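**Student:** Listed below, chain by chain, are the residues.
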Amino acid sequence: MTSDVKGKVMTTKVKGKTKATGAKGETKATKLKEFLSNLATDARKLGEFLHGPEAAMSAANLSEADKTALRSGVSGMVAARLAGMPLDQAFQPPFQPPHIGPPPQPPHIGPLPQPPHIGPLPQPPHIGPLPQPPHIGPLPQPPHIGQPPAWHIGQPPAWHIGLPPAWHIGLPPQLPSVPQFVVYYVVVYYPQQGTA
Amino acid sequence: MISEANTAGSLVVVGTGIRTVGHLTMEALAWMQRADEIIHLVADPVAEALIAGLKPGKEFTLQNFYGEGKPRAESYNEMTEFILSRVRAGVLVCGAFYGHPGVFAYPPHESIRRARAEGYAAWMLPGISAEDCLFADLGVDPGTGGCQSYEATDFLINRRIIDPSSHLILWQIGVLGHWTYRQSGYDLRSLPILLYKLLEHYPPTHEIVVYEAPLFPGCAPAITRIALAQLASVPFSAGSTLYVPPARAANPDYNVLPYVSTNC
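Protein sequences, first through last, are from chains A and B. Residues 21 to 216 in this note's numbering are what the first sequence lists, from first letter to last. Residues 7 to 270 in this note's numbering are what the second sequence lists, from first letter to last.
Don't take each hint at face value.
Chain A residues, not near chain B, derived (Cβ > 12 Å throughout) [said to hold, decoys possible]:
no.: 1; residue: Thr61
no.: 2; residue: Ala79
no.: 3; residue: Ser83
no.: 4; residue: Glu84
no.: 5; residue: Ala85
no.: 6; residue: Ser95
no.: 7; residue: Ala99
no.: 8; residue: Leu107
no.: 9; residue: Asp108
no.: 10; residue: Gln109
Sample of chain A residues facing chain B (criterion: CB under 10 Å; computed from the structure) [to be verified]:
no.: 11; residue: Lys53
no.: 12; residue: Leu66
no.: 13; residue: Pro73
no.: 14; residue: Leu90
no.: 15; residue: Arg91
no.: 16; residue: Gly96
no.: 17; residue: Met97
no.: 18; residue: Val98
Calculated cross-link-like contacts (lysine-lysine; reagent style DSS-like; alpha-carbon spacing at most 27 Å) [said to hold, decoys possible]:
no.: 19; chain 1: A; residue 1: Lys51; chain 2: B; residue 2: Lys61
no.: 20; chain 1: A; residue 1: Lys87; chain 2: A; residue 2: Lys65
no.: 21; chain 1: A; residue 1: Lys65; chain 2: A; residue 2: Lys51
no.: 22; chain 1: B; residue 1: Lys61; chain 2: A; residue 2: Lys65
no.: 23; chain 1: A; residue 1: Lys51; chain 2: A; residue 2: Lys87
no.: 24; chain 1: B; residue 1: Lys64; chain 2: A; residue 2: Lys51
Treat the hints as calculated values from the structure; they're not laboratory data. These numbers come from a predicted model, not from an experiment. A virtual CB, placed ideally from N, CA and C, is assigned to each residue, including glycine.
Same shape as in the complex, but just chain B (with noise of 0.2 Å):
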């Protein structure tokens, strides 16, 4: 792959985590510091003084191409269109993004996507989500009952159907309903109507858990536990994630269960 990738552009994609601090793999940053350029979109000083210091000078943000009011899905594809312009100028780019790189994350498939139907060597590494920090911090294991993800706004308005006996994630509930960028924040008037949806499956004093995984070594995770019935009353922060617990046991499929082996 490397050897691949010297002879014309070729993108290879990395993650930083949640933490930089403890979260980046060795594998993400011998790849960093092999790499012509690091295109980063990264959410911390941190991370950012980590990639100044591996390629300065060659190290550029997408940040930027977010703007107030600007529809998001605009931002990433100008950002996939700047990472595929540095692929076609012949470099190897790293292209270095918060969490996981290819969970929520539009521009880092596209890119490969793209890249590799033009003809350039492209990959991803994996690397840590909000998820993964969750399943830690709140003791979740999603092989227990399963666990359902879903972003909060494409829960909110399609129709997704609950399992209440599995766990339930939704992602990005401090940008519910919003598909632009704000700077100053975001209005949650929609929370109301998630609220009624959630009532619909789950009891009013059912406890759920706002979370949000700490930034920094040493630090705690934010995790508010609250009844159901009071989501609306909470504040919450872009980085906000919403946990759900199962609510009640699975159900058997006694069908099933006969033609199931037994011998373990």
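Excised from the complex, chain A in its bound form (with noise of 0.2 Å):
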């Protein structure tokens, strides 16, 4: 099975570079590929599918291995079977979702990408606690679902329609203080020792 993008795997293996493919050999799996294409272009047959499985899978001959691999709900077992392998080595047990239980234990995040280093020294890793989320305390709101968020549309907050709020025009804020590299040159007087 090999791997592309766009949100699916690709079980193809198509040897021989932009060759036609319709050339190849009868396979074990020919048969439940037909079938397949068959219940693709065909919306009846789909339809006879969809509505009797097991009807549809006896009247096209299929295998017991590949009856039971379409019954499975598997896609890798499917995959597999029309790679024509058996069905004791298609089986995959499915993947188990790890425990959603106690508090998840912040992940090991190692080191960034380190920046070059210019100008003061840089500020270690965020090593402790994790950035901090959005969301503390109160559990995440959902979606809107149903009912839209209660926007106040009959007594809006207040807006401030013609002065804006209350803009500090005056003296800047603040700042805090930024580092300061300054060195401080301590002298040091030493009397002459021998003059009294």
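Please assemble the complex out of the two chains, which come individually in their own frames, going by the hints.
**Tutor:** What follows is the structure, encoded as structure tokens:
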């Protein structure tokens, strides 16, 4: 099984660059491929399969292994059968998601790519508490499903249509003190010995 | 369009959907039957068998333009050039691509653009993409809260602005950080950096979904729900898509709201 992109796993393995693929020899999976490709092009047959899969599979003379793969509802098993793989090898237990119960451990985040060292000493990487998430406390609000959010259509909050809210046009806010790189020289006076 | 297509070479690009059985539209099928040749990049043996049955001896796969460790962009350019060479040869070419042929697919768009620039008739028909499957299987409506959709690597390396009140979809999470094709799989060493980036906007306990659309009829989608903090501990396939639901309600603009009609 090869892989490409676009949200789909590639299961084809065709040899020979840009050669017509129709000339391939018959394989064990030919019957299953034909069955499924017929479903793709014939809406009536697809309808029959959806309403009565057992009858449709039997009418197509599918093997028991192919039927089992289709019954499983697992894409990987069908893909394996299409590749001619025996059923016992095709079976892969479904992925077990990690246990969601106890609070998750903070992920081990390795050192991020460090920028070149320019200027003052860089801050150490963020070790310890994780970056503060936007929502600590109440659970995240669900998206707007059904009822729209409580927009105050009737009584809007104090909209400052006329004058803008109090903008501080006077003195700018006091900035926090920037790091000072001042070298203080301490002059030590040593009285000369021998003078009195 | 048909008469125009018959005069000289022409190109119609169709999608076979993620699940060929059921996603292939009647119009796409009609053009595949009508075309002189089918050039395809499909992702399963069913689609391949279907195409081979429609145009025996006149269908060509683009799959082999991929190469181990070869930059995908290089493969895509070669695919485009091959498609155009057949159009220039004067035949009606049907390009069949899995999913939606215009979603996360460079060669179809580029082939159409260049074919038109050279004076050939060329057009695209829509198909069903992995995102469409995700909307259906996860019950997500992109119209509710909006939806941001990015290729995962693009999202990682660029300063995309996240709105945590919208749905977020990251495509190709299983090939994160890779520009080359790897048959043997992809290492995801940059996944923790993506996690770090997401944690700037979402709490670590925020539930996310690793999703993979079903490929065959009767098969179930692969839906794995995890906490965001567990992202780096989950296995991905090349077909995995990451869905991050909204983390908070939208933030209305009360300055605009009075000017919006409420007569609905």
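**Student:** For A:Ala79, is the shortest CB-to-CB distance to chain B above 12 Å, so the non-interface label stands?
**Tutor:** 16 Å, holds
**Student:** Holds or violated: A:Arg91 as interface residue toward chain B, Cβ cutoff 10 Å?
**Tutor:** 8 Å, holds
**Student:** Should the label of A:Glu84 as a non-interface residue stand, given a Cβ cut-off of 12 Å to chain B?
**Tutor:** 16 Å, holds
**Student:** Was A:Gln109 rightly flagged as not at the interface, with every chain B Cβ beyond 12 Å?
**Tutor:** 17 Å, holds
**Student:** In terms of Cβ atoms, is chain B entirely out of 12 Å range of A:Leu107?
**Tutor:** 15 Å, holds
**Student:** Over 12 Å from every CB of chain B: does A:Ser95 meet that, or does the non-interface label fail?
**Tutor:** 4 Å, violated
**Student:** Can A:Leu90 be said to touch chain B, with a Cβ gap under 10 Å?
**Tutor:** Result: holds, 6 Å to nearest chain B Cβ.
**Student:** Holds or violated: A:Val98 as interface residue toward chain B, Cβ cutoff 10 Å?
**Tutor:** 4 Å, holds
**Student:** Taking 12 Å as the cut and beta carbons as the points, is A:Ser83 off the interface with chain B?
**Tutor:** Holds, since 16 Å exceeds 12 Å.
**Student:** Does the no-contact call for A:Thr61 survive, Cβ to all of chain B over 12 Å?
**Tutor:** 6 Å, violated
**Student:** Would the hint linking A:Lys51 and B:Lys61 be met if the CA-CA limit is 27 Å?
**Tutor:** Holds, at roughly 19 Å.
**Student:** Between B:Lys61 and A:Lys65, does the CA-CA distance stay at or below 27 Å?
**Tutor:** 21 Å, holds
In summary, the numbered hints that this structure violates are 1, 6 and 7.
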